[in-house]
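Trainee: Can you make the complete structure from the sequences, with help from the hints?
Start counting the sequence shown at 1; every next residue gets the next number (the working numbering).
Errors might be hidden in some of the hints.
[As the list claims (entries may be wrong)] What follows is a list of derived Cβ distance ranges for each label pair:
| no. | residue 1 | residue 2 | range |
| --- | --- | --- | --- |
| 1 | Leu120 | Val94 | 19 to 25 Å |
| 2 | Ser36 | Pro77 | 19 to 25 Å |
| 3 | Arg4 | Leu28 | 34 to 40 Å |
| 4 | Leu60 | Leu92 | 31 to 37 Å |
| 5 | Pro3 | Asp44 | 16 to 22 Å |
Note that these hints are calculated values from the structure, not bench results.
Every residue, glycine too, gets a C-beta built ideally from N, C-alpha and C.
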Amino acid sequence: MSPRSIELATRIALVAMGLFTAVPVLSLIQPGQLESGYGIVDPDPMLLTLLQHRGVFQALAGAALVWAAARPDVRIPVAAGVIVAKTTALVLTVSRPQAQAQADPFIQGFDVFCVLALALIIAGTARGTWALGLRRHRGGGRAVERRRRFV
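Mentor: Given below as structure tokens:
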């Protein structure tokens, strides 16, 4: 794949992951969403508050992923933060049999996909940044600078 195709695929993946990650914010205006996403019907006020608050954090993570699609310089920290959040949610769910029994397999699969895809994005971004620095050090600065403007 050419560098342009890889960059385009990365941007599309980040935007798609970001938009889907932000969906739980809908619980702020439509608490009924909690039933389809979490299997929770008629939550008590404190649980509703906590899940709606979680939805806001999910929206922030989703917005950060979309931002990272446009800004390669923030991809590594954004991806690392989202990996930590999604991995924590997966570990907490899997380690609690009752929670695992209620978990939506699609959402868990999506989170596993995101963790793997974001790890690849971190590796590719780090490799590209390292290679860019190496080329500059060896005197390939001008061509590299032209290419960097595209990204």
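Trainee: Next step is simple, just say for each hint if it's right about the structure.
Mentor: Cross-check of the supplied hints:
1. Leu120 - Val94: 19 to 25 Å: Distance hint for Leu120, Val94 holds at roughly 22 Å.
2. Ser36 - Pro77: 19 to 25 Å: Violated: the Cβ-Cβ distance is about 32 Å, outside 19 to 25 Å.
3. Arg4 - Leu28: 34 to 40 Å: 38 Å, holds
4. Leu60 - Leu92: 31 to 37 Å: 19 Å, violated
5. Pro3 - Asp44: 16 to 22 Å: Between Pro3 and Asp44, where Cβ atoms are some 52 Å apart, the hint is violated.
Hints 2, 4 and 5 from the earlier list are contradicted by this structure; the remaining hints agree with it.
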